[in-house]
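Novice: Here's the letter readout for the chains.
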Amino acid sequence: MCTYTTIKGSVDGSAKGPGSSWFHVSDVTVYFDHPVHAMADHTLNIDFADPSKGPSARVALELTAESARQLVAAIQEALAAVPAELAA
Amino acid sequence: MCSMSNSLTATTVRISGHDGDEIEAYLARPQGDERRGGVVVIHHMPGYDRATKEIVRRFAELGYDAICPNLHFREAPGAAPDDAAAVSRANGGVPDPRLLGDVAAAVAHLRALDSSNGKVGVIGYCSGGRQAVLVACNQDVDAAVDCYGAFVTGTPPEGFPLKVTNLVDQLPGLRAPLLGLFGAEDTHPSPGQVAELEQILSAHRKDFEFHSYEGAGHAFFSVDRPAYNVPAANDGWERITAFYAKHLGG
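Protein sequences, first through last, are from chains A and B.
The first sequence begins at 1 in my numbering and counts up by one.
The second sequence begins at 1 in my numbering and counts up by one.
Here chain B stands alone, though its shape is the one from the complex (with noise of 0.2 Å):
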């Protein structure tokens, strides 16, 4: 599915979050009234940057009416994005149970829209890739993309500060198909931990995909850092590509 004329506009919107909070998100959705699909977009640790409203609005270039919600808002509500993470990080980071309150919104405001399929799909990068899985494992969604997420499997250091845990337990309850992409030289998640996450799934008979790209270490999607890594980047698009297209034409 791409966008027929490459026209798109953004915007940013206020959706009812967890407990009702109001919390902005950006919007981008592509000009014409065709059905599509959705995508929520989950931001890395370090926020509502730049470079993800970049990844939101390629995914409406790509066909998609995408949004992310701003994690960190409650928090810091106006503040520049790395201000609102420090403080985000300095409370313990987001709770699980307020992210699945605020991806819950923002997947039904995508499907309000009157250009929606019913189709969404989910994409979260670094703390964002597990909260992905997390969401796959408790909401109705059509597809889930894993980038790098560390803490599916493997623990958590002890006395660890982040309120953070592995999702081991809730593993078998993933309810739409998985596509994981990692850099082979990442530490967190590891090669190891990877390959936890591959056998588990493959106990459970879950429908899921991984793509594991040499050289490529942690956030290689991420333009404006040195870890960006151009063939991983370009490959791992193509298959995110491929695999929405599957998942949330029609």
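Extracted from the complex, chain A is given alone in its bound form (with noise of 0.2 Å):
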């Protein structure tokens, strides 16, 4: 199916994408729906975009859902492993 569905944030940070270059993102859009790439039906898939960069200024995942979900886990132990001033 396509779910269209898709969500959109603003972000603060780098991520090493076309011809190796790091570059800042500052969106990032998330939605769950066919992967261009990955062998699933489905995939959740992360874009990290700078748009004053350019369409091809992106970082792009395509993980399986269980994939996303160990994902947000370990991003959640790594956050909370760290003393609480560090990571405000």
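Because the hints were derived from the structure by calculation, they are not lab data.
Keep in mind the model is a prediction, meaning the values are calculated, not measured.
Even for Gly, the Cβ is constructed at its ideal location relative to N, Cα and C.
Any given hint could be a false lead.
Below are the DSSO-like pairs computed for lysine-lysine, each with C-alpha atoms no more than 27 Å apart in a straight line [as the list claims (entries may be wrong)]:
| # | chain 1 | residue 1 | chain 2 | residue 2 |
| --- | --- | --- | --- | --- |
| 1 | B | K53 | B | K163 |
| 2 | A | K16 | A | K53 |
| 3 | B | K163 | A | K8 |
| 4 | B | K53 | B | K246 |
| 5 | B | K246 | A | K53 |
| 6 | B | K246 | B | K206 |
Okay, the calculated bits of chain A under chain B, using three or more residues with CB under 8 Å as the criterion [claimed, not checked]:
| # | stretch |
| --- | --- |
| 7 | 5-15 |
| 8 | 38-50 |
| 9 | 53-63 |
| 10 | 69-75 |
Need the complex rebuilt from these two chains, each delivered in its own frame; the hints are there to steer you.
Specialist: Structure follows, in structure tokens:
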């Protein structure tokens, strides 16, 4: 199915992407839909982008639902393991 | 109808789309100067990609002048199809008025070809399936094919970020024969939503033909994805070939 479901957010960080270059990322788009490359019918897809640098300034992830859940848990675990003042 | 020699040419052209914006389109044409129908291919949400261009060339091999407008061209001219699709998605998708303007330009381009017999059909996949029905409710085309388009009926969820609505209020205006090809295992559109569409079209005495394939889910024509379903895709292509021969030939 095409879920069309799309969640947008703002982020502040950097990503290493096209041409092995680092770039600042300002936008994130999250959606559960057909992947372009992953061998699964549906994946949790995350695009980190800097729209001011054009469409190719994007790092794309396509994760199976289970992988996405593991990623969420890993991020939360990593954040929980550091002193609050560092992760503020 | 079938191309006599199987020879064809394929090229990228520019057309004047909605609001006069210049957009690119992929055009494939059979060799020879016999009169023939045309087909506008509306690409799926992942964009104007290689698999879609293969579909365009297949219609040329079947004997039609075929064109696919790049619906994401404005957001990302020259970008890779997946990057362009990502930008389009982040911006809320392709607005319906713009889609109609771009497809109208593609239809006009086909009808202006020396080889045109004046008849043009439209076919769309995934989000393009809904858009093919939208076109057939608003423009003069001779046949339309909806391949598993979601939200022709049914209601997008609350707070939906993409600007998509169902077409229920427009269906009474459907003005072309419609072929619908669906996967029985699909959930967007679900078998219930397909049944609702069937019921509405019957009530309005529209000319339509639907096929739902057991064991097939969404995107069963996608040769480069796990959803590809050989029996459904093969039968679907046969249905499309017969449908267009009936409505676009001569």
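Novice: Now tell me if each hint is right for this structure.
Specialist: Hints, one by one, checked against the model:
no., hint, in the structure
1, K53(B) - K163(B), "26 Å, holds"
2, K16(A) - K53(A), "14 Å, holds"
3, K163(B) - K8(A), "14 Å, holds"
4, K53(B) - K246(B), "24 Å, holds"
5, K246(B) - K53(A), "49 Å, violated"
6, K246(B) - K206(B), "17 Å, holds"
7, 5-15, "holds (count 4)"
8, 38-50, "holds (count 5)"
9, 53-63, "holds (count 5)"
10, 69-75, "violated (count 0)"
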